[in-house]
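> Sequence:
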Amino acid sequence: MTMQWPNGKRVAVCLSWDVDGESAQYVRYPERARNQLSELHQRLYGPQVGIWKVLDLLKRYALPGTFYIPSYTAKLHPDMVEAILQDEHAVGLHGHLHHSLDQLTKAQEEEVLLKSQEIFQELTGAVPRIFRSPSWELNRWSPELLVQHGVVSDSSLMDDEAPYALKTPKGPLIEIPIQWLLDDAEHWNHHRANRDKAIADPDAVFRLWSTEFDGYYATGGCFVLTLHPFISGRWAYMNVLERLVKYILGFPDVWWTTLDEVTGFALDRLQQNELPIRQSPAPEPLDF
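Letter by letter, the sequence shown follows residues 3 to 290 of the numbering used here.
It is possible that part of the hints are untrue.
[Stated by the list, open to error] With a straight-line cut-off of 20 Å between C-alpha atoms, the simulated SDA-like cross-links for lysine to any residue are: (1) Lys108 / Trp138; (2) Lys199 / Ser40; (3) Lys117 / Tyr28; (4) Lys77 / Gln119; (5) Lys199 / Ala238; (6) Lys199 / Leu210; (7) Lys77 / Tyr63; (8) Lys11 / Phe253; (9) Lys199 / Tyr31; (10) Lys108 / His151; (11) Lys55 / Lys248; (12) Lys77 / Ile121; (13) Lys77 / Val51; (14) Lys11 / Tyr249; (15) Lys248 / Ala220; (16) Lys55 / Leu246; (17) Lys55 / Arg236; (18) Lys248 / Asp205; (19) Lys248 / Tyr63; (20) Lys248 / Arg236; (21) Lys11 / Glu163; (22) Lys108 / Asp89; (23) Lys55 / Val247; (24) Lys169 / His192; (25) Lys108 / Pro171; (26) Lys172 / Ser212; (27) Lys55 / Asn241; (28) Lys248 / Ser212; (29) Lys11 / Pro66; (30) Lys77 / Leu87; (31) Lys11 / Val247; (32) Lys117 / Val154; (33) Lys77 / Lys108; (34) Lys77 / Tyr28.
[Said to hold, decoys possible] Here are the computed distance ranges between Cβ atoms for each label pair: (35) Ser40 / Thr221: 42 to 48 Å; (36) Leu39 / Pro285: 30 to 36 Å; (37) Thr107 / Gln281: 22 to 28 Å; (38) Asn241 / Glu188: 15 to 21 Å; (39) Gln281 / Ala220: 27 to 33 Å; (40) Ala35 / Lys61: 18 to 24 Å.
For the record, the hints were derived by calculation from the structure and aren't laboratory data.
Think of the CB as a built atom: it goes at the ideal place given N, C-alpha and C, for glycine as much as any other residue.
From just these sequences and the hints, can you work out the full model?
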């Protein structure tokens with residue numbers, strides 16, 4: 003679907019980062035976290051080194067960014083959160099300890115959501131209104147739970163290339179779709195648990211991302227790139243990102259924006275009955 007973007011822009015581009023830091027290791031590999039240091043330190047590279055390269059890149063090109071941060075990581079690295087907000091980038095919720103939601107009961111998921119909101123309120127004086135689920139997994143009840151607790155948009159599902167409103171019993175949730183192809187972790191995340199996985203050639207990833215952008219540009223979609231500072235904060239991968247930025251800057255009528263701004267735009271379209279409204283597939287096959 004072609005979107006009518008603000009000010010006649012042809013395509014929306016959102017550069018987003020999931021700033022996981024050490025958080026995921028504690029729930030994915032708790033025994034290793036208790037006894038081994040390598041993976042914790044690898045992920046610490048994100049808030050300690052990679053994020054500052056990212057912020058510098060955005061500043062040099064005067065571009066906005068969106069940062070989804072587990073509240074555990076935000077609590078450990080408040081200077082990072084302060085720097086992101088000082089540069090006027092958008093911040094979104096991303097769980098507390100990066101639990102994949104399919105591992106949680108509804109009560110546990112609600113507890114994590116409330117805890118993350120409470121920590122951001124404490125750290126920044128405001129609760130982010132945008133959300134991305136850790137590992138891009140949602141339970142069937144998750145959209146309703148998000149709306150119930152004041153979250154306005156999610157960016158975790160993959161069924162479109164432009165925003166839409168997802169029906170929930172508590173009201174609509176703006177969904178801003180993502181894709182595995184546009185996630186740096188699928189190409190470059192290499193650690194002890196997956197050392198058999200080959201690291202993708204940076205030039206090949208640039209070709210994939212730029213070609214995918216070409217399609218979004220032709221059809222007027224919302225191009226969302228998902229990155230991780232502990233991965234794409236490395237020089238070889240930062241080079242790919244900068245090449246992509248320069249490539250996209252060569253196109254006219256690009257709306258460089260945040261997922262928070264896209265959320266606001268989609269809400270306006272929804273109020274004007276100009277945004278698609280959809281519902282999730284049935285839990286069981288339909289009887290035709």
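> Next, verify each hint and record whether it holds.
Hint-by-hint comparison with the structure:
1. At most 20 Å may separate the alpha-carbon atoms for a hinted pair to count; Lys108 and Trp138 meet this at roughly 17 Å.
2. At roughly 18 Å between alpha-carbon atoms, Lys199 and Ser40 fall within 20 Å of each other, so this suggested pair holds.
3. Pair hint Lys117 plus Tyr28 holds up; C-alpha atoms about 17 Å apart against a cutoff of 20 Å.
4. Among the hinted pairs, Lys77 with Gln119 is consistent with the structure: their alpha-carbon atoms are about 12 Å apart, no more than 20 Å.
5. Under the criterion of a C-alpha separation no larger than 20 Å, the hint pairing Lys199 with Ala238 is consistent with the structure, at around 18 Å.
6. For the hint pairing Lys199 with Leu210, the CA-to-CA distance comes to about 18 Å; that is within 20 Å, so the pair holds.
7. The suggested pairing of Lys77 with Tyr63 is violated, with an alpha-carbon distance near 29 Å, which exceeds 20 Å.
8. Straight-line distance between C-alpha atoms of Lys11 and Phe253 comes to about 11 Å, which keeps the hinted pair within the 20 Å bound.
9. Taking the CA atoms of Lys199 and Tyr31, the gap is near 18 Å; set against the 20 Å cutoff, the hint holds.
10. Among the hinted pairs, Lys108 with His151 is consistent with the structure: their alpha-carbon atoms are about 13 Å apart, no more than 20 Å.
11. Our distance criterion of 20 Å between C-alpha atoms is met by Lys55 and Lys248, whose separation comes to about 17 Å.
12. For the hint pairing Lys77 with Ile121, the CA-to-CA distance comes to about 7 Å; that is within 20 Å, so the pair holds.
13. With a C-alpha separation of about 17 Å, the suggested pairing of Lys77 with Val51 holds against the 20 Å cut-off.
14. With a C-alpha separation of about 17 Å, the suggested pair Lys11 and Tyr249 falls inside the 20 Å cut-off, and the hint holds.
15. For the hint linking Lys248 to Ala220, the alpha-carbon distance of about 18 Å falls within 20 Å, and the restraint holds.
16. A threshold of 20 Å between alpha carbons decides the hint, and for Lys55 with Leu246 the separation of about 16 Å falls inside it, so the pair holds.
17. Straight-line distance between C-alpha atoms of Lys55 and Arg236 comes to about 9 Å, which keeps the hinted pair within the 20 Å bound.
18. A threshold of 20 Å between alpha carbons decides the hint, and for Lys248 with Asp205 the separation of about 15 Å falls inside it, so the pair holds.
19. Only pairs whose Cα atoms come within 20 Å are accepted, and Lys248 paired with Tyr63 is accepted, the gap being roughly 9 Å.
20. With a C-alpha separation of about 18 Å, the suggested pair Lys248 and Arg236 falls inside the 20 Å cut-off, and the hint holds.
21. For the proposed pair Lys11 and Glu163, the alpha carbon gap of about 16 Å is at most 20 Å, so the pair holds.
22. A distance of roughly 35 Å separates the Cα atoms of Lys108 and Asp89; the hinted pair therefore is violated under the 20 Å criterion.
23. A hinted pair counts as satisfied when its Cα atoms are at most 20 Å apart, and Lys55 with Val247 qualifies at roughly 14 Å.
24. About 37 Å separates the Cα atoms of Lys169 and His192, which puts this hinted pair outside 20 Å; it is violated.
25. Simply put, Lys108 and Pro171 have alpha-carbon atoms about 15 Å apart, close enough for the 20 Å limit, and the pair holds.
26. Taking the CA atoms of Lys172 and Ser212, the gap is near 38 Å; set against the 20 Å cutoff, the hint is violated.
27. For a cut-off of 20 Å, the pair hint linking Lys55 to Asn241 stands: about 11 Å separates their Cα positions.
28. A threshold of 20 Å between alpha carbons decides the hint, and for Lys248 with Ser212 the separation of about 11 Å falls inside it, so the pair holds.
29. This hinted pair checks out: Lys11 and Pro66 have alpha carbons roughly 16 Å apart, not beyond 20 Å.
30. A threshold of 20 Å between alpha carbons decides the hint, and for Lys77 with Leu87 the separation of about 15 Å falls inside it, so the pair holds.
31. Distance restraint check for Lys11 and Val247: the Cα-Cα separation of roughly 17 Å lies within the 20 Å cut-off, and the hinted pair is therefore satisfied.
32. This hinted pair checks out: Lys117 and Val154 have alpha carbons roughly 17 Å apart, not beyond 20 Å.
33. At most 20 Å may separate the alpha-carbon atoms for a hinted pair to count; Lys77 and Lys108 exceed this at roughly 24 Å.
34. Simply put, Lys77 and Tyr28 have alpha-carbon atoms about 15 Å apart, close enough for the 20 Å limit, and the pair holds.
35. The supplied range of 42 to 48 Å is met by Ser40 and Thr221, whose beta-carbon atoms lie about 43 Å from each other.
36. Take Leu39 and Pro285: their Cβ atoms lie about 43 Å apart, and the range 30 to 36 Å is violated.
37. One distance hint, 22 to 28 Å for the beta-carbon pair Thr107 and Gln281, holds here, with the actual separation near 23 Å.
38. For Asn241 and Glu188, the Cβ-Cβ distance of about 18 Å falls inside the hinted range of 15 to 21 Å, so the restraint holds.
39. The supplied range of 27 to 33 Å is met by Gln281 and Ala220, whose beta-carbon atoms lie about 28 Å from each other.
40. One distance hint, 18 to 24 Å for the beta-carbon pair Ala35 and Lys61, is violated here, with the actual separation near 34 Å.
Consistency with the previously given hints fails for numbers 7, 22, 24, 26, 33, 36, 40, ordered from lowest to highest.
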